[in-house]
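K.L.:
What follows is the residue order along each chain.
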Amino acid sequence: MSLQHPVEKIVTRYWPHKDQNTLKGYKSRGGYQQLAKALGQEPAAIIDAVKKSNLRGRGGAGFPTGLKWSFLPKDNPKPKYLCINADESEPGTAKDRFILENDPHSLLEGIGIACWALGAHTCYIYARGEFKHPSAVLDKAIAEAYADGIFGKKLLGKDFELNVYQVRGAGAYICGEETALLESLEGKKGWPRLKPPFPAVVGLFGCPTIVNNVETISTLPALFEKGPEWFANLGSGKSGGNRLVTLSGAVNRPGTFEVGMKTTLKELIYAEEYGQGLPPGRAVKGVIPGGSSAPVLTADELGVAMEFDAFKPLNSMAGSGGVIVMDDMCCMVRSLWRVVRFYAEESCGQCTPCRDGQPWMTRILRKIEEGRGTREDLETLQHVATSMAPYPPIGLGNTICALGDSGALAVHGFMKFKREFEQHIEEKRCPFGERPWGAFGDFQ
Amino acid sequence: MEMHHAAMTADDTARLEQGIAKLLERYPKDRKSAAMLPALRLLQEIKGWLVPDGVKRVATLLETTPERAHEVATFYIMYFTEKPGRYVIDVCTNLPCALRGAEGMLKYMEAKLGTVAGTNGDKFYLRETECLASCGTAPCMQVNEDHHENLTKAKVDAILEKLS
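Residue numbers (the working numbering), protein chains in the order written: chain A, 1 to 444; chain B, 1 to 164.
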């Protein structure tokens, strides 16, 4: 299968160069020229350009970046902060770590541009604790940038102090939620905060704060090199640029890929330059399109483009770009159990519907998977999910943060395959027996 | 013996104090407790786990209460409030890894190491863990935070063989 719209790479364009993760290599390909250019412009002009580019947050919500930036109060005398969310941990998502490993200076240059535009003199990069290697590469890049006079008392020679620090987490999925991330940065357990106030008004240390994803900020140098109009046109609808997606599960060639906003899910799975399809004789049963909290799609829904708004009519979401493929020999009950069990483990315990609901749903799913389930269990499962977050549409959750929604949405979505759940109940066993994981499920 | 390992020596305390002083340069002067996560990581690097006296020391240095330090120490799974086995092996069994054989891999490792996931032993502490961002390079695991991906039986054998 060939692509209908060829993709001009931006984020991954220099990854094949092994020295791209060094300052020398980065500079040899035009690195830090966009920061120099930006420092000659008014901050307001940069925010306008980002708005015009239709750049949207790559962390999961797809919120327009320029609009988010414009929420920073102008008359607040407190210091402003930029926080980079590198706590990548939504199951199915493995993209930010490759930016840190392959092109960390693109993030650092983006941070320089963003901090100048926002008037922020301190940036914290919050990386998940498990990122030993990516964090080491990033630390080296930060040290290089300081040694080269890019960061510090002056920003690339301009009289604007900027300090950039990496802070490592310690193993908690919830800290990828932006207010939990701020709590963690403040040295506390990661309990999300009620919103409003939003971080742009009351964020880190009670000060105005912008939290952006790694990929979002790493995109800025290329965006300014090519221009905001070019970037907007490259995308589709209200989604500018390209996206990084992670393709996992039952495909011949899993991996992390840069796709266009017009690239379809079907192209991602089958195209030669991407997933290269499924093994002979196997067909797609379901695809989770945006990390494990995004409601699953059926094989009939793969014509959808990877653009942020395209998933809304399907009552799913582009999320964090984690595309998980399940083939026709894969058990959907077992798959959902794995997903919900994760949210049960990672619930921070603050809100009752999530703290009690996720483990409850996990227990019911295990019961059904093992052939001990009843029709009442299936009803209870849906009832619990609805109590946590009614559906559709997405976004009606009853908890402080979206982790509660995540497990509930997964359950709601998998009800597209309700027949398979009923089959488990009727046959009092898993119809897939000892091999529930499909084409690539055996450990060899 | 155990008490001896759990005690903070003068050298341990000095290292902790020096390290924390450096960490505090990153935060506003009235926000010392913000350094809690990196400070606990530092303590764990020094002692191998979060010994109670060390956690108390961290709290004092960050001008907060031992309860606040303990709360953080017990919230995050990468901190050990009890001494872990020499090799902490975190295996991802989430959906993307499970679709590439992670359940079988965990069983294989349990049999090979003679342990059950979730049990802390002297030598091995094998755990199922949260998604490790290796979904396109699954299955994966971390051994004392070193990341291994695209795992096969042969690769797992080779990795475990090196753990003496």
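FYI, nobody ran anything at the bench for these hints, they're computed from the structure.
On a predicted model such as this, the values are computed, not experimentally measured, just so you know.
Ideal Cβ positions, reconstructed from N, Cα and C, are used throughout, including at glycine.
Incorrect hints may have been included.
No more than 35 Å apart at the CA atoms, straight line, and that leaves these computed lysine-lysine pairs for DSBU-like [said to hold, decoys possible]:
1) Lys27(A) x Lys22(B)
2) Lys155(B) x Lys154(A)
3) Lys74(A) x Lys123(B)
4) Lys140(A) x Lys123(B)
Quick list of the computed label-pair ranges, beta carbon to beta carbon [stated by the list, open to error]:
5) Asn150(B) x Lys78(A): 32 to 40 Å
6) Pro196(A) x Thr74(B): 48 to 56 Å
7) Arg26(B) x Gln4(A): 17 to 25 Å
8) Thr81(B) x Thr374(A): 46 to 54 Å
K.L.:
So, for every hint listed, does it hold in this structure?
P.N.:
Against the structure, the hints:
no., hint, result
1, Lys27(A) x Lys22(B), "30 Å, holds"
2, Lys155(B) x Lys154(A), "48 Å, violated"
3, Lys74(A) x Lys123(B), "56 Å, violated"
4, Lys140(A) x Lys123(B), "33 Å, holds"
5, Asn150(B) x Lys78(A): 32 to 40 Å, "47 Å, violated"
6, Pro196(A) x Thr74(B): 48 to 56 Å, "30 Å, violated"
7, Arg26(B) x Gln4(A): 17 to 25 Å, "48 Å, violated"
8, Thr81(B) x Thr374(A): 46 to 54 Å, "40 Å, violated"
Hints 2, 3, 5, 6, 7 and 8, counting from the list given before, are not met by this structure.
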